[in-house]
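**Q** Could you build all of it, start to finish, from the sequences and the hints given here?
Sequence order for the protein chains is A and B. According to our numbering, the first sequence is numbered sequentially starting from 1. According to our numbering, the second sequence is numbered sequentially starting from 195.
These aren't lab readings, by the way, just hints derived from the structure by calculation. Certain hints may be false.
[Stated by the list, open to error] Below, simulated DSS-like cross-link-like pairs (lysine-lysine); rule was C-alpha separation at most 27 Å, straight line: (1) K619/B to K158/A; (2) K197/B to K158/A; (3) K158/A to K257/B; (4) K197/B to K79/A; (5) K96/A to K144/A; (6) K79/A to K257/B.
[Said to hold, decoys possible] Derived list of chain A stretches under chain B, where covered just means 3 residues or more per stretch with a C-beta under 8 Å from a C-beta of chain B: (7) 134-144; (8) 148-155; (9) 161-171.
[Claimed, not checked] Just a sample of chain B residues kept apart from chain A, beta carbon distances all over 12 Å, derived: (10) T210; (11) R255; (12) I475; (13) F528; (14) F615; (15) S627.
Positions of the beta carbon are idealized from the N, C-alpha and C atoms, including for glycine.
Below, each chain spelled out in residue letters.
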Amino acid sequence: MLRFLRTQKEDASDTELLTRFQQQEDRQALAVLFDRYIELIYGLSLQYLKTPSRAEDATLAIYAELQQKLPHHEVKNFKNWLYTFIRNHCLMQLRKEKKMITVNYDPAFMQSDADWHLSDGPSEKEERESALDFCLEQLNDQQKACVQLFYYKGHSYKEIATMRNEEVGRIRSNIQNGRRNLKNCIEGQEQRNE
Amino acid sequence: MNKKEQHIRDLLQRWTTGEITAREEAELLTAAQQDLFLQEALAAYQGQADHDHAARLDRIRSKTSQRQPIVRMIGRWTAIAASVLLLVTVSWWTLREEGFSDMASPVAMEESATAPSSPKISEDQAAESPAFTEAEELSTAEPIAQSSPLKEATTPKDSQEDKLLSRKDESQIAADATRPPATYNSETNLGAGATSDEVLAGRAEEDTFSSRTLPVDSEAIVLETREAVEADELSPPPAPRMAAPATSPTYPAQNQAYARQDEPTRISNSGIPVPATGYRIIEGYVTDAEGFPLIGASIVTPGAANGTVTDLDGFYRITVANEIKTLSISYTGFASTQVNVDDENQLDVTLAEAVALDEVVVTGYAAKKRGQAEASTGTAQPIKGFRALRDYVVANTPDNTPRARIKLRFLVQADGSLTDFEVLKSTNVGQNSLAIQLLEQGPKWEVTEGSTPVETVYVVRF
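**A** Here it is, written out as structure tokens:
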């Protein structure tokens with residue numbers, strides 16, 4: 001059965017799977033579709049519900065709800081529809097819990113394009129790189145090592161985790177914090193130069 | 195397009211498992227800028243970077259992807275096997291019952307005090323009692339079949355009330371799943387209590403995925419339960435006590451009013467309700483437009499003299515006088531319906547959702563002043579020019595007026611008049627009204643660009 005899942009996973013488009021579920025009540029099709037979006041569903045639920053365990057519950061609830069509701073909805077773009085569907089589900093749940101929350105979205109968390117195109121001009125680039133080198137030295141050992149392994153040596157989180165004998169999550173947060181510290185530090189340097 | 199989406203999804207998956215590299219992460223983050231869904235999800239993951247999300251995702255996957263088809267297959271075969279077994283048992287039971295029904299009541303009473311009159315009975319009782327206590331322990335809501343006839347009218351109702359109260363209790367749900375169809379008797383009911391936990395074990399997981407159980411499913415479980423009961427009861431010879439169904443109806447509660455007042459319904463030996471003459475039983479399911487059961491929908495006769503509510507499967511059964519020709523069915527959020535019941539005994543009702551508003555969230559995006567809202571963008575100036583306006587202001591300012599600057603905002607109307615004055619800034623509040631008055635009565639303005647009214651700002655100097 002797993003192989004069955006795999007083969008379907010490769011070809012059929014969202015719309016095909018959706019039609020198959022809606023018209024032929026093919027639950028497998030929904031399962032495949034759900035499997036495709038599971039990371040996004042869980043992630044978005046996490047964004048609203050804040051704790052992993054609640055997000056997990058919500059994801060399962062959403063699956064059950066999809067089975068019931070999807071056949072009766074006309075869905076043009078599954079991804080967009082799903083996004084709204086999850087949001088409504090989570091907001092409903094929060095409202096039930098009588099808690100109004102705001103979704104914090106911290107743009108600093110996300111890297112912007114600008115960070116990846118450093119070539120504004122040779123002098124500026126050099127300046128930035130020296131700032132980067134300087135700032136890298138300021139990081140604590142853990143973060144520094146992780147950042148170097150990840151960005152300079154091109155290892156994956158998992159590889160670093162094995163190398164350093166730590167958990168993947170630990171590495172991930174080291175890199176993330178390191179990156180944030182670097183960013184703040186570099187910005188500070190630039191301001192000083194101006 | 196599809197390929198790309200697939201690729202991004204793979205990247206996200208690699209992110210959660212930690213297999214991602216720096217370059218891939220950058221790709222993922224760039225993709226997120228175009229995709230709000232991904233962006234928010236990723237933000238959440240990053241917010242809790244040190245949690246092992248991959249494990250949770252695996253768990254969710256294992257719960258959602260595999261089980262269903264297998265369960266369905268098992269369910270079908272069990273249902274077939276169980277129904278065959280049931281048929282055999284029911285016929286066997288009916289045959290036996292005639293022989294035992296006379297013995298039933300003395301033995302039932304014996305339970306409380308008196309010594310067994312024959313060794314055979316005591317033996318049976320001994321064999322039976324452990325099973326009985328077990329059932330009692332496991333399922334407190336089950337009516338126990340040995341009490342006085344007085345109790346018989348109320349017991350089933352109580353049990354249903356209990357069920358309604360503790361609906362969240364999962365074991366109760368399992369017990370409810372064994373709600374009897376027409377040919378139900380206390381034997382299976384008692385046994386159902388004993389096996390409800392086993393059934394639950396299978397069901398609890400299934401429930402996670404289909405919070406509403408379709409009638410078909412629950413029937414399969416009823417059958418399954420019976421099968422288990424059969425297995426239990428075939429080994430020891432069935433005790434006389436078990437012939438008690440005659441005194442213990444466990445079909446769904448008749449409505450309370452009837453049970454107390456005139457008892458139009460009696461229960462036959464086989465547990466099937468038999469209405470008194472002049473009355474009849476109507477039963478059926480109440481569902482919504484999509485076929486889902488409506489739990490707790492009310493069914494009342496005209497004038498609401500008599501009524502009942504649907505159970506967890508949307509099933510109801512009501513005993514009404516023969517002359518009653520309509521039933522009205524209502525449920526919160528659905529349009530109430532009157533249905534004709536000429537001489538049907540089976541009546542399934544589908545309710546249409548009433549037009550009602552969901553909760554409404556009102557969001558304010560921006561507050562606008564009246565003038566602003568009406569004004570269009572454009573430019574306006576005094577007909578004779580700003581210099582003329584300035585001269586006018588100077589000429590009409592009373593002597594010894596203190597110096598001041600008053601910044602005004604106003605609308606220039608189509609006829610050149612000025613309205614909706616608002617003081618934006620003033621160095622001498624006492625002269626605000628004078629400044630407004632001067633502009634109002636001064637030279638007309640004209641709109642040189644845009645459509646009227648146009649919002650304009652002008653500073654009056656004294």
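**Q** Starting from the hint list further up, note which numbers the structure goes against and sort them upward.
**A** Numbers 1, 5, 7, 10 and 11 - these are the hints that the structure violates, sorted from lowest upward.
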